[in-house]
Amino acid sequence: MNEAAPLPEAAVVAEKLTKRYGSLTAVEDLSFSVAPGEIVGFLGPNGAGKSTTMRILSGTMSGTSGRATIWGVSVALDPAGAKRHLAYMPENNPLPEDLRVEEYLTLRARLKDVEPARVDERVRKVMDDCDLTRRASGRLIGQLSKGFRQRVGIADALLAEPRVVILDEPTIGLDPHQILGIRDLIRSLRGKMAVLISSHILHEVEQVCDKVVIINRGRLVAQGRTEDLRRELLPEVSFTLVTRSDEAALLVACRAIEPAAAVVALPSADGWSTFRISLPTGSPARETLAGALIAAGISLREIAEDRFGLEDIFLAATRRTPGESRRS
Amino acid sequence: MRHFRTLLAHELRSAALSWNTWAAGGLFLALMGGIHFFALIEASRAPSDRTPVESTLWFFWLPLLCVLPLLTMRTFAEERRSGTLAALLTTPASATAVVWAKFLSTWIVWVVFWLLFTVFPLLTVQRLGTPGDTRLGDPSILWGGLCFIAVSGLLHVAIGILCSCVTRSSALAALLAFICLLAMTAAGGAMESLPIESWEWLGWLREPAAHLRTFGHLQDFAAGILDSRPIVLYGTGTLLCLGLAVLSVEGQE
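These protein sequence lines map, in sequence, to chains Z and V. First residue of the first sequence: 1, per the numbering used here; consecutive thereafter. First residue of the second sequence: 1, per the numbering used here; consecutive thereafter.
Isolated chain V, as found in the complex (with noise of 0.2 Å):
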């Protein structure tokens, strides 16, 4: 436990002053700016039943797929490539201290990301809306959405640690998690737009697809409905990633 503190603390310490961080933070925040924005426009010319925040956070895939892979890629990538994790491993410090600790400060990332989103909504609100009127965005609608992205946030950052782990490429690190987090994505938003209720030979699909609705997950958790079902998915799934990524970690010879 003291070794994973002492990790936890050295890996937010290094994601605070690396380049890498703040070219996904900016670009994180121009996708999600540029997103909200266009959400107001759309919302101004007609109306919709989603409020824009509602619209903007229907698009968490986007930044799900092209910032987050560029923030786990060089977890475990570099440091294989440069030989510095076979040095870390010669301390007492274990590999499931050393995957955790980079996972945590990982994920503390991605929702800080998401905590700074907030600013868009909330400025808007402030500056355009009048009190009571929850037609720019309900803050409840953030904050459920805000919690859907830190506990499906879990399962991705820990996909991307894992695809960081098997090679000492960080691209292919980031193309692998790229390739992993959009066949999750899209097999959740397949899992919802076809009608596998109508087809009889796909009755076996209906109870997994119901599992896997990744976009009626946000839905649910936007609406304030707390489903323990995504919470066991994407909480199993997070372990079963992370225990792969030490194994993969005490592997490495």
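Pulled out of the complex, with its shape left as it was, chain Z reads as follows (with noise of 0.2 Å):
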């Protein structure tokens, strides 16, 4: 990596992005950046143009109208320069079967302008990162299971040290133990480059990514922190809990702190009954609410406030029309 090269504001730079195949649309008007450094998940359902995104962004393929940029250099003027600083790993990961996994590393080193006197080196380190030297360095490609193909796919994206890596479904068919394998290897990329990784298991791209962009339909409908996505996408804050007490009761005691919050009966079982109570986010009850509800006389066995996850950010999201998203 040239260090003495300046650090441009972002690494990545997607800028009203659109891709038309005769009338339909893949992908229309999308921005969105990525920091130097920052680990970002791209989200979107199947056919949303997450894929098209990242091979317009790897200049695979060019886009009908905007303006792509990879560490400042535009992929549309100057592609080989923006492939300098770039690796890409495609869908499903295509690679000669017919090359010995070393053998593949070594020519995409050359091809990738590793210094020569490097090259070896540079393989070793990526086949010792990605644990391909003990098990797969010496096999042909053709031979080595899902999982270790997927290795030698960020292997080869690591080799030239770029300042962006874009992978494309990394993770896709792996068992859970490679998966994590893979996730630690990406974590540890952190702050070294920037990565814009498309993933379907969103439990993957939250424990991983600082940041996320959700696109449907070719459209951008959030992108930001999981956090700051939470509280943009789901304007309530859920309790669960469980009581003696009914819900005409529940209700006079939780509309006494928040008249704006709900109850909602949920099934239960062994004489007890559970409710979930919506209250709107920002409400100063959330933190008062258990203390409010013991002191209005109501029997507490449980009460957990229910943690939204990247899932449902995402569900929120993907529903919501297209057009109506905000920076965050």
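In case anyone wonders, no lab produced these hints; they're calculated from the structure. The hints are all genuine.
Computed from the model, here is a short list of chain V residues facing chain Z with C-beta under 8 Å: (1) H10; (2) T84; (3) A86; (4) L89.
Some residues of chain Z that are not near chain V, with every Cβ distance over 10 Å (derived): (5) T18; (6) G66; (7) D306.
Restraint ranges, calculated between C-beta atoms of paired labels, are given here: (8) V:V166 with Z:D306: 49 to 59 Å; (9) Z:R134 with V:V112: 34 to 44 Å; (10) Z:D120 with V:W19: 24 to 34 Å; (11) V:C66 with Z:G138: 30 to 40 Å; (12) Z:G22 with V:G83: 21 to 31 Å; (13) Z:D175 with V:F59: 53 to 63 Å; (14) Z:G22 with V:F59: 41 to 51 Å; (15) Z:T25 with V:L116: 49 to 59 Å; (16) V:E42 with Z:G22: 54 to 64 Å; (17) Z:S74 with V:L27: 41 to 51 Å; (18) V:R5 with Z:R231: 53 to 63 Å; (19) Z:L24 with V:V166: 20 to 30 Å; (20) V:L27 with Z:L315: 57 to 67 Å; (21) Z:G138 with V:R5: 20 to 30 Å.
We put the beta carbon where it would ideally sit given N, CA and C, even for glycine.
Got two chains here, each in a separate frame; can you build the complex from them with the hints?
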């Protein structure tokens, strides 16, 4: 990595990106950015335009309009320059079956302009980092398991120490152990390179990414930190409560501290009742709810705040009409 | 240039290790060996204007149609099908470097096949010929003919590469190359067989026909006549095909 080069504000910029295939619009007016060293999750339902966007950013497909830059270099005007800062692992990670892992990585290092004197060192380093040295280095790629093939793809992406890494579904088809390994590997890149990663496994994205960009039908519906999106897209907090009190008494007690509170009965057993209490986000009652209910004579067995995950945010964002999005 | 050298070395290595190359090489040597054998038999039966080597080289179109498409069909079609071409183009290597590396490696393999073929006539002369007797084959005719194969091979290989660029199916790429090479060879042969000079209404065709007479080019090369026109024809045709191939690779989405 050339440390002397000035640091741009954004490692990846997509500005009003649009891609049309005849009358079909795959991506429309899509704008987002990835800061240097940041790991960003790129989410969307199937057919939302994620792979198309990633291919435009990687220079393997041209956009109909808009601007894409990688480390300040325009992908359209200087594709070779942009590619020098970028590593892209496409969906399904196509690899030549008839090469050995080490041979393949050596070839890729040479094509990626790694200094000739450093090629062997870099190949050894990424093979170590991706746990390929011991079990896969001398094997033909065609004989490798899906997990090792993914590792080879990621090793290839890291070879030339790029500023930006774009990974399209890097954990697709992997077992939980392999996912864990890949996740740790991606996490280790934080601060070293900007990573844009698309995945259907939302839990994984939540674990790894600093920020998410959510698109639907080719348009941006949300972007920002998970916490910010939670506040933006999920306007209420909820608590699950187990009690012997009835719904009417509970509602009266809740309304006394928050007039906008709502109570919904949930299925329950063994003589106890379970309810969900919803409060507007930012309501002061969130912090005093348990105490207020006890003070109002409600018998509590348990009360816990429901944690909304990225899955809830994703569902809320993709249900929202494209075009309503706001920058976080 | 650095990418081109890296890619060329990789393509040559892949070609050397590919079953496809070995199968094509086996078929080529079987074909040419068989043709040369029958040319020798024919020459032993009755006197002829042509030496066995000339007769064998006259059948250059047979391996051209049957073997060359086998060499070119997988160059791009297979890589497009498997997605490795798209992965290759994510590196700073340009489409031009990729196309030229695949072209040159295939051309080198094609020329190596023909050099291997020379073993047949050279062995024949060594075993059966007498010093100074050129009836079994004049080496100058052999090397002149091979020069024609090498020069015209530039265009033939470029056509095969272009055909492989436009499809994801290797079989379809081979079929396309076969049709294009057949049309080109047949057109070249037809230009020589048809009495165009005597047809007044085809007067405009005389000039282009003079350029396209493929078998005439072979004859000229074998006779040691160095005419720049076929060299320009094959050279420009090669550049045109490779230019289109580069555009095709760049335009793949």
